[in-house]
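Heads up: the sequence lines are chains A and B, in that order.
Numbering-wise (my numbering), the first sequence opens with residue 300 and increments by one.
Numbering-wise (my numbering), the second sequence opens with residue 75 and increments by one.
To be clear, the hints were calculated from the coordinates, so they are not data collected in a lab.
Bear in mind that the values here come from a model prediction, so they are computed numbers and not experimental data.
Don't take every hint at face value.
Unchecked claim - Under the rule of at most 27 Å between Cα atoms (straight-line distance), these lysine-lysine pairs were calculated in the DSSO-like manner:
| id | chain 1 | residue 1 | chain 2 | residue 2 |
| --- | --- | --- | --- | --- |
| 1 | B | Lys410 | A | Lys363 |
| 2 | A | Lys474 | B | Lys404 |
| 3 | B | Lys395 | B | Lys410 |
| 4 | A | Lys474 | B | Lys274 |
| 5 | A | Lys363 | B | Lys404 |
| 6 | A | Lys363 | B | Lys395 |
Unchecked claim - Just some of the chain B residues that point at chain A, by a computed CB distance under 8 Å:
| id | residue |
| --- | --- |
| 7 | Gly308 |
| 8 | Trp343 |
| 9 | Ile348 |
| 10 | Lys410 |
| 11 | Leu412 |
In this text, a Cβ means the ideal position worked out from N, Cα and C, and glycines have one as well.
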Amino acid sequence: MLQRRIPLVIVFITGVLMSIQYFIPHPVSQSAYNIALTWFRGVASMAYAIAVISFVRHHSRRLKQPQNSFYSAVALAAFLFMCIVGFGFGIGEGTIFAKMYLNVQVPLQATTFSLLAFYMASAAYRAFRVKGLEATLLLITAFIVMFGVTTIGNYIPFIPKLTEWLMAVPNLASKRGILIGVGLGMISTSLKIILGIERNWLGG
Amino acid sequence: MIWIYLIITLLGNAPPRVFDVPNDGGNALRVEWQLPPDSLGKVDSMLILRKTLPEGKVDTVAKAFTNHPEFVDEGVNYKKAYRYSILYFIGPVQIQSKWSSPAKPIASWIDTRKIPLFILMILYTTILLVYIFTARKGRELYLRPIAGLEAVDEAVGRATEMGRPIVYIPGLSTISDVATIAALNILAHITKKAGEYETKIIVPVRNPVVYTIAREVVKEAYYTIGRPDLFDPGQVYFATDSQFGYAAHVSALMAREKSATNFFMGMFWAESLILAETGASTGAIQVAGTDAVTQLPFFVVTCDYTLIGEELYAASAYLSKEPLLTASIKGQDQMKLLIMVAMILLSLLSVFGVNITLGLF
Chain A
300 MLQRRIPLVI VFITGVLMSI QYFIPHPVSQ SAYNIALTWF RGVASMAYAI AVISFVRHHS
360 RRLKQPQNSF YSAVALAAFL FMCIVGFGFG IGEGTIFAKM YLNVQVPLQA TTFSLLAFYM
420 ASAAYRAFRV KGLEATLLLI TAFIVMFGVT TIGNYIPFIP KLTEWLMAVP NLASKRGILI
480 GVGLGMISTS LKIILGIERN WLGG
Chain B
75 MIWIYLIITL LGNAPPRVFD VPNDGGNALR VEWQLPPDSL GKVDSMLILR KTLPEGKVDT
135 VAKAFTNHPE FVDEGVNYKK AYRYSILYFI GPVQIQSKWS SPAKPIASWI DTRKIPLFIL
195 MILYTTILLV YIFTARKGRE LYLRPIAGLE AVDEAVGRAT EMGRPIVYIP GLSTISDVAT
255 IAALNILAHI TKKAGEYETK IIVPVRNPVV YTIAREVVKE AYYTIGRPDL FDPGQVYFAT
315 DSQFGYAAHV SALMAREKSA TNFFMGMFWA ESLILAETGA STGAIQVAGT DAVTQLPFFV
375 VTCDYTLIGE ELYAASAYLS KEPLLTASIK GQDQMKLLIM VAMILLSLLS VFGVNITLGL
435 F
């Protein structure tokens with residue numbers, strides 16, 4: 300019982316205090332906010348330690364599974380290598396750690412990111428298939444917008460203006476509609492958590 | 075030489091005026107000075123000098139230019155008083171104005187610019203509380219069906235029938251993001267549902283803090299349905315904090331485990347399409363929910379069901395069917411109605427040339 304009540308009380312008190320804090324610019328209020336941030340950083344750093352243990356445990360377990368063992372062995376070896384070079388030789392500019400990061404991790408990330416181009420093509424194909432009235436409208440609109448931002452599109456009198464209008468009026472209006480709903484949803488969720496009505500973050 | 079003498083006399087006798095900057099934490103003062111009309115172009119530059127009281131320490135706080143006779147000093151403390159003077163450079167001549175009268179920055183207890191927002195917040199909270207109390211009295215409230223949430227049972231059922239796991243991604247953001255909290259709320263429901271059917275749920279997490287919470291959420295959800303034995307510590311794990319490293323890991327996971335159902339809930343960035351498109355290629359049923367407007371089109375295209383914006387926040391209430399949670403959704407709808415009416419009225423007024431911003435913009 301207390302295991303559940305104590306977090307709810309802490310959430311209620313801190314939630315109310317931090318909501319009020321937002322409206323008070325006084326240094327007393329700002330220092331309270333800074334203390335909360337420091338606490339959060341402290342908790343986050345501890346969470347990192349727990350997360351690293353989770354990572355090592357997860358991949359160690361998978362070493363026993365033949366279908367996953369190779370990938371997990373690579374992950375663990377890479378992790379251990381970076382730990383050794385990082386703690387042993389530092390992480391500053393020109394170190395092995397920095398070189399590995401710049402020459403291995405960064406290109407790998409860029410490669411994964413660049414895959415998006417192919418994924419976008421296949422997603423676009425699926426989105427623009429004419430299946431009904433809505434899909435047809437989407438196809439026409441997409442065609443105009445894409446055409447409007449190309450060099451050829453600029454030479455057709457009404458296309459750039461129409462593209463601009465599509466982006467600035469219907470597109471922006473729907474975006475704003477979603478954002479207003481999101482804003483209200485955020486406040487509502489926060490309030491439910493502060494008041495202890497929403498307890499699913501505690502497991503239900 | 076006469077004009078230099080005149081300028082020296084005029085400048086030297088005019089101390090700057092100092093004002094408090096309102097609605098701040100007492101860390102700013104606005105310094106204003108007046109230049110004689112014929113001095114423009116003759117004064118090369120100016121230095122703003124600050125004397126801290128009671129110590130009397132003099133600092134040069136900024137270099138000013140003649141066409142900006144105003145400066146905001148943000149390096150002051152509300153516990154001290156300050157005096158200001160301007161040092162003018164006119165060719166080889168330096169002239170210092172008189173020191174201003176002492177000014178003390180005021181640390182405000184209320185930011186008056188935020189009062190309209192505060193009123194709106196109180197109004198919204200009141201509406202929500204009214205609905206919550208209405209629900210407490212036992213009045214039933216109707217919620218419109220949301221296809222994505224109606225499909226949760228179907229999605230979990232499919233995984234059960236196929237004997238394959240469910241992959242749940244609670245977004246890539248931190249716990250400070252409300253979307254992540256909403257995703258964790260939904261995770262509790264889905265874990266309970268999956269637990270009832272003894273279907274495995276895999277939760278790879280990107281953020282360490284979110285990982286610790288997600289782990290507890292899953293564990294507690296199994297306890298709630300009376301099946302703590304189903305909790306496997308390896309089912310919720312920290313994958314990596316690298317954005318595309320995470321995308322690569324989850325893509326590989328979906329391809330190797332052949333998950334029957336994928337849930338993408340929370341905050342996503344550029345990796346959304348990589349994740350959802352890989353999931354779609356494996357033939358899994360996919361339900362996504364995000365408040366990231368830029369990622370919504372990708373989810374709409376690649377997933378079977380998508381919770382758009384606020385639907386993500388409503389999901390927990392919708393899935394639990396708890397009256398108190400449902401009431402908050404009704405309150406949210408009422409607030410939206412109010413905003414819509416206000417927008418229409420203000421737009422109409424604007425058409426007739428009456429511009430009212432209610433101090434919000």
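request  = Mind listing which of the numbered hints don't hold for this structure, in increasing order?
outcome  = Of the numbered hints, 1, 4, 5, 6, 8, 11 do not hold.
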